[in-house]
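Novice: Each chain is listed here by its residues.
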Amino acid sequence: MSDITLYNYELDEQSYRARLALSMLGLEWKTIAIDMFPGAEQKKPEMLALNPLGTLPVVRDGDLVLHGTAAILLYLAKAYDPAGRWLPEEPASFGAVAQWLGFSETAMAPAVKARLQAVFDISGDAAALRQAARKTFRIMDDHMIARHFDGKEWFVGDGPTLADLALFPSFALSRDYGVEHDEYPALRRWVRRFRALKGFHAMPGIPGYH
Amino acid sequence: MKLNEGWVPVGLSSSIEPGTSTGTTIEGSEIVVWRDNSGHAHAWEDRCPHRGMRLSFGFVRGNHIACLYHGWQYDTAGQCRYIPAHPTLDVPQTIKVPIYRVKEKYGIIWTTTAEDVAIPEAEATEITPVRSLYVDRPIDDVFTAFMAAGMTSLHTNAGKVVRGDDVLFVAFQATAAAKTAAHIAIFGSAAVYRGAKQKHYAQWAEGLRFELEAAQGEAEVA
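Going down the list, the sequences are from chains A and B.
Quick note: the first sequence uses this note's numbering, first residue 919, plus one each step.
Quick note: the second sequence uses this note's numbering, first residue 1371, plus one each step.
Since the hints were made in silico from the structure, they are not lab data.
Among the hints, erroneous ones may be present.
When the alpha-carbon atoms are kept at most 25 Å apart in a straight line, the in silico DSS-like pairs for lysine-lysine are as follows [as the list claims (entries may be wrong)]: (1) B/Lys1372 / B/Lys1567; (2) A/Lys1053 / B/Lys1549; (3) B/Lys1549 / B/Lys1466; (4) A/Lys1070 / B/Lys1567; (5) B/Lys1549 / B/Lys1569; (6) B/Lys1569 / A/Lys1053; (7) A/Lys1116 / A/Lys1070; (8) B/Lys1530 / B/Lys1567; (9) B/Lys1530 / B/Lys1549; (10) B/Lys1549 / B/Lys1475; (11) A/Lys948 / A/Lys961; (12) A/Lys1070 / B/Lys1569.
Quick look at which bits of chain B chain A covers, simulated, 3 or more residues with Cβ under 8 Å [unchecked claim]: (13) 1385-1398; (14) 1495-1504; (15) 1556-1570.
Ideal Cβ positions, reconstructed from N, Cα and C, are used throughout, including at glycine.
Modelling step: build the complete structure from the supplied sequences, incorporating the hints.
Specialist: Structure follows, in structure tokens:
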């Protein structure tokens, strides 16, 4: 029996990644709302005691407290997906999932920042961030075009993994910062399949129906 | 080529599944391309007459496309048929989206507003789609690069590339002043070309894209 608490801000896409993982793993959890904008509550002493970096999301499970989106996704999959569907045991697939999780924290950072800039007026060079986000999505689209030729519909292996879950939000939210989906046909196809998965739910900025 | 000058390719047929829509642009003009559940493709001005929202943000329901903003639904003739806020209203005929002519040929969706124009002719029986390649370069540069890679021009916006026993068909769309889409298909059946050949020509095209954009980078530095 899990006793999970999520420190969450509804409009934060990193918190959304944690919510998606919890929901798609079929877990129940308690949410504590943190006022990220304009309150910056995640940077106040009470939250810094849980996460000295002052970022969201933070997950508490019993005595364990974790921050950092990829760490949270990895932990949840390891703890609550014994079949290893979301985090495959097989070394090559494990490596590929780890690669895309790394990509989601590095190559995708400009896309995350572009949205913060556009939605919450955080400082940043909007045009340069958009251009970097387009480059990231192109790498993903090229990958999924090649995957489709191999008869595969997901980033790694034969089913959805943490790779898909970690990559989905920034692309699905890209219109928030002015990047259209026109140039990414393989990602449009992938998004439709991801949205049909059990436990999927949208967030503001991602249309509820499709 | 503009919409009123001839048939413009806007995507691979296989990229628009039944019940889905996407936005695209022709020299900056926004277009929604969607496929109804009967399998017919449509290309319209991408603007809901109600509040100007892009219809490509919306969703397809049966043979209607609905605007994401307030759910106004349009039939395949572009005529508004249903307004959720006024469910019993007989919707006026004047609420209509401008629609364009559409054809599917060579595994590509083409659209135009012109009457007496033809899609480029090429001898093809079966088609295997490859990919749409989006390049941050003007259409003339992209066309020239494909010509340099062995393409024979069939029309101002299409050509044929012979590589060994394989024949590729490429159709070009100026999405914006400095952006181009090249829609690429193989002439031949999927039984022969599915998989390895598709991947081979997708990578070949990505190589052309790299060279085109690298040349652009050098021009900017100079």
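Novice: When you check the alpha-carbon spacing of B/Lys1372 and B/Lys1567, does it fall within 25 Å?
Specialist: violated (32 Å)
Novice: With a Cβ-Cβ cutoff of 8 Å, does the region 1556-1570 of chain B contain at least three residues near chain A?
Specialist: Since 5 is at least three, the answer is holds.
Novice: Is the Cα-Cα distance between B/Lys1530 and B/Lys1549 25 Å or less?
Specialist: Since the Cα atoms of B/Lys1530 and B/Lys1549 sit roughly 21 Å apart, the hinted pair holds (cutoff 25 Å).
Novice: Measure nothing beyond the straight line between the CA atoms of B/Lys1549 and B/Lys1475; if it is 25 Å or shorter, mark the hint as holding.
Specialist: holds (23 Å)
Novice: Going straight from one Cα to the other, do A/Lys1070 and B/Lys1567 come out at no more than 25 Å?
Specialist: Holds, because 16 Å separates the two Cα atoms, which is no more than 25 Å.
Novice: Between the alpha carbons of A/Lys1053 and B/Lys1549, is the straight-line distance 25 Å or under?
Specialist: Roughly 14 Å separates the two Cα atoms, so the pair holds.
Novice: Next pair to validate is B/Lys1569 with A/Lys1053; report whether the Cα-Cα distance is within 25 Å.
Specialist: holds (20 Å)
Novice: Could you grab the alpha-carbon distance between A/Lys1116 and A/Lys1070 and see if it respects the 25 Å cut-off?
Specialist: Given pair A/Lys1116, A/Lys1070 holds - Cα atoms ~19 Å apart, limit 25 Å.
Novice: Under 8 Å between beta-carbons, do enough residues of the region 1385-1398 of chain B, three at least, approach chain A for the coverage claim to hold?
Specialist: Result for this restraint: holds, n = 7.
Novice: Could you grab the alpha-carbon distance between B/Lys1530 and B/Lys1567 and see if it respects the 25 Å cut-off?
Specialist: Distance of about 17 Å is within 25 Å: holds.
Novice: Hey, A/Lys1070 versus B/Lys1569, does the alpha-carbon distance stay inside 25 Å?
Specialist: Satisfied, since the Cα-Cα distance of roughly 13 Å is no more than 25 Å.
Novice: Can you confirm whether the C-alpha distance between A/Lys948 and A/Lys961 stays at or below 25 Å?
Specialist: holds (21 Å)
Hint compliance for this structure: hints 1, 3 are not met, and every other hint is.
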